[in-house]
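A.B. asks: Okay, here's what each chain looks like letter by letter:
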Amino acid sequence: MSLGEPNLSRRPDRAALFIALALAVIAGVIVWQTSMMRVPPIQAKVGPQVFPYVIAGGLFLLSIGTALSAWRGQFPSREKDNYGPMLWIIGGLVGQMLLLGWAGFSIGTAVLFAFTAKAFGRGPLWQTIPIGFVLAFVIWFIFSRGLQLSLPMGPIERLIP
Amino acid sequence: MDTFGLLANGLLAALQWQNLLYALLGVTLGTAVGVLPGIGPALTVALLLPVTYRLDPTGSLIMFAGIYYGGMYGGSTTSILLNTPGESASIVTALEGNKMARKGRGGPALATAAIGSFVAGLIATIALAFLAPWVVKVALSFGPADYFALMVLAFITVSAAFGDSPLRGVTALFIGLGLGVIGIDLQTGQARLAFGIPDLLDGIEVTTLAVALFAIGETLSIASSRTQMKEEVLAVKGSVWMTLEDWKRSWGPWLRGTLIGFPIGAMPAGGAEIGTFFSYAAERRLSKHPEEFGHGAIEGVAGPEAANNASAAGTLVPLLTLGLPTSATAAIMLAGFQQFGLQPGPLLFANNAPLVWSLIASLLVANFMLLVLNLPLIGLWVKLLTVPKPWLYAGILSFATLGTLGANGAMSGRLGPIPFSFELLILLAFGILGYGLRRFGYPIAPVVIGLILGPLSEQQLRRALAISQGDPMVLIHSPIAITLYIVAAAAVLIPLYFRIRGKGAVLSQMASDED
Chain Z
198 MSLGEPNLSR
208 RPDRAALFIA
218 LALAVIAGVI
228 VWQTSMMRVP
238 PIQAKVGPQV
248 FPYVIAGGLF
258 LLSIGTALSA
268 WRGQFPSREK
278 DNYGPMLWII
288 GGLVGQMLLL
298 GWAGFSIGTA
308 VLFAFTAKAF
318 GRGPLWQTIP
328 IGFVLAFVIW
338 FIFSRGLQLS
348 LPMGPIERLI
358 P
Chain L
1137 MDTFGLLANG
1147 LLAALQWQNL
1157 LYALLGVTLG
1167 TAVGVLPGIG
1177 PALTVALLLP
1187 VTYRLDPTGS
1197 LIMFAGIYYG
1207 GMYGGSTTSI
1217 LLNTPGESAS
1227 IVTALEGNKM
1237 ARKGRGGPAL
1247 ATAAIGSFVA
1257 GLIATIALAF
1267 LAPWVVKVAL
1277 SFGPADYFAL
1287 MVLAFITVSA
1297 AFGDSPLRGV
1307 TALFIGLGLG
1317 VIGIDLQTGQ
1327 ARLAFGIPDL
1337 LDGIEVTTLA
1347 VALFAIGETL
1357 SIASSRTQMK
1367 EEVLAVKGSV
1377 WMTLEDWKRS
1387 WGPWLRGTLI
1397 GFPIGAMPAG
1407 GAEIGTFFSY
1417 AAERRLSKHP
1427 EEFGHGAIEG
1437 VAGPEAANNA
1447 SAAGTLVPLL
1457 TLGLPTSATA
1467 AIMLAGFQQF
1477 GLQPGPLLFA
1487 NNAPLVWSLI
1497 ASLLVANFML
1507 LVLNLPLIGL
1517 WVKLLTVPKP
1527 WLYAGILSFA
1537 TLGTLGANGA
1547 MSGRLGPIPF
1557 SFELLILLAF
1567 GILGYGLRRF
1577 GYPIAPVVIG
1587 LILGPLSEQQ
1597 LRRALAISQG
1607 DPMVLIHSPI
1617 AITLYIVAAA
1627 AVLIPLYFRI
1637 RGKGAVLSQM
1647 ASDED
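Protein chains in written order, with my numbering: chain Z, 198 to 358; chain L, 1137 to 1651.
Just so you know, the hints here were simulated from the structure itself, not pulled from any lab data. On a predicted model such as this, the values are computed, not experimentally measured, just so you know. Even glycine gets a Cβ: it sits at the ideal position worked out from N, Cα and C. There's no promise every hint is true.
Partner residues are not named here, just some residues of chain L that face chain Z (Cβ under 7 Å, in silico) [as the list claims (entries may be wrong)]:
#1 R1190
#2 F1310
#3 G1332
#4 V1518
Every beta carbon over 10 Å from chain Z, so not counted as near; a handful from chain L, in silico [to be verified]:
#5 L1156
#6 D1321
#7 I1554
#8 G1590
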């Protein structure tokens, strides 16, 4: 990871302040959920609640530290990111997730494969989806038949005995 | 039985033909995946763990040993020929190795890395075999409070001592610790932070988290980067073999690197990769050709590469004898053990001696296989390096989801009429987390180590407090625990002193980024 100079241009660093807020919220959720646990009094002393409270306390302190650090602009500088390719990849993962259950491993993974390639500038989809399909099918065959992994099956996988 | 006898028995087991086959498969897969740009040993091990699910424990661990060593070797090939180290431990190798490759001496650079890794792996694995029983003897006298202190030391060294910001390191660790709480509490059977979701009762899988943070987080951050680095793979020109001069200049650094790397890796603390930096500094000082450093000095490849491998074998000492993972790779290996209901630690040596010793023996076998296989196959590895990015990352993501499904393929989630895999949803969520961590300069390894070590440390803490009936003084009662806390404090304060003195640059280079 290459870390540049602290970025003094963005002070306070809003995104980093958001991280501080998120840490505080997580700490709050841990405390809230843990306090709702009903623990028999006999376990109360060193019971299952101690550790979550300690972690929540730590996260809360870290949240304050992060806020201070954000205020002083001590986070490494960041380049402006391209969100288009990211959305392609996330779209591919969501698409695969929603297809796997009924269309099977090969079709679902073909979508993930093609969308990821698209994120890195390789297309068009009508070419990459079939490539992904063939690859995913071969992988499926090796791993489910050769190594006995239970991978989701769809109409196409069911054709193979 | 003495160490020799146990090791000999282990070798006999490792040399059975099906175990040799597992080791060969592991070494080949490990190298092939490890050589891919952007994939370090930790991700190699996490991606390939599902391949070993259906084997018996011994076969699986033997294959694992091969994957581990193969992944390390693949990583150094990448850094010499591509100058994009997949792991922080390879940064130093890239420094001189890539310069050598640019001068057309890529062959000897790869050869000295390979032979150096072999020499270091051989010596360090034998050292592991002799050191481990001794550590086990000491560890058997440890009480729960001492174990807790040991884990605190590991937490601090992994998160705060190195890297460029202790704040971000500790934050990463606490995110991991928080994730570790999710699921059923083993001592009382109560659900914690499960939000009523049945899939969360088993807790977060270490491999799912590691694959998400390393593979998906990395892919997202590379895809979104505007300044796509132009990488050129350097062809291996001329002979792969080292000249007599190269041999003369290599053997000293190999041995010194091993001597530096192994003890650092074997310590029950994070930061195993410092050994490579120390070794580089030592070679630079001792070299008869100091002017070559920075322009492709062979000593600068031989020493750090040996140190890297020796410390990788060294990290197995705390992992096997104490159950203490000190690197992300070791954390994933611990998850591999837990897959079979095995908990590494002193009791594993007592109860499962044949398994432990065949694992150690198969490290020797894997090491030997790597030496024989890799130099002749160098052309194949170079081909793998030139896979274009779209196909490379599309393939990595396909494999990442395959492994996650292989571990837990239940379609337990539901979106309207469509069933989906909850495990993949977790993979996606943590992938985005991994992107965020990278973007804001948070280290990844502490998250993984926090997740697996958090519940173990909680167990020891509660055990200690239960024995003392809730008196927290028990935690600083034994001299062992006090010593460990003092070392932990020193691990925070000494780097702090260096940072204040303005020498932070060196520390930030040592960020335990991946391995």
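A.B. asks: Which hints from the list above does the structure break, by number from lowest to highest?
C.D. replies: Violated hints (numbers, rising): 3, 4, 6, 7, 8; every other hint is consistent with the structure.
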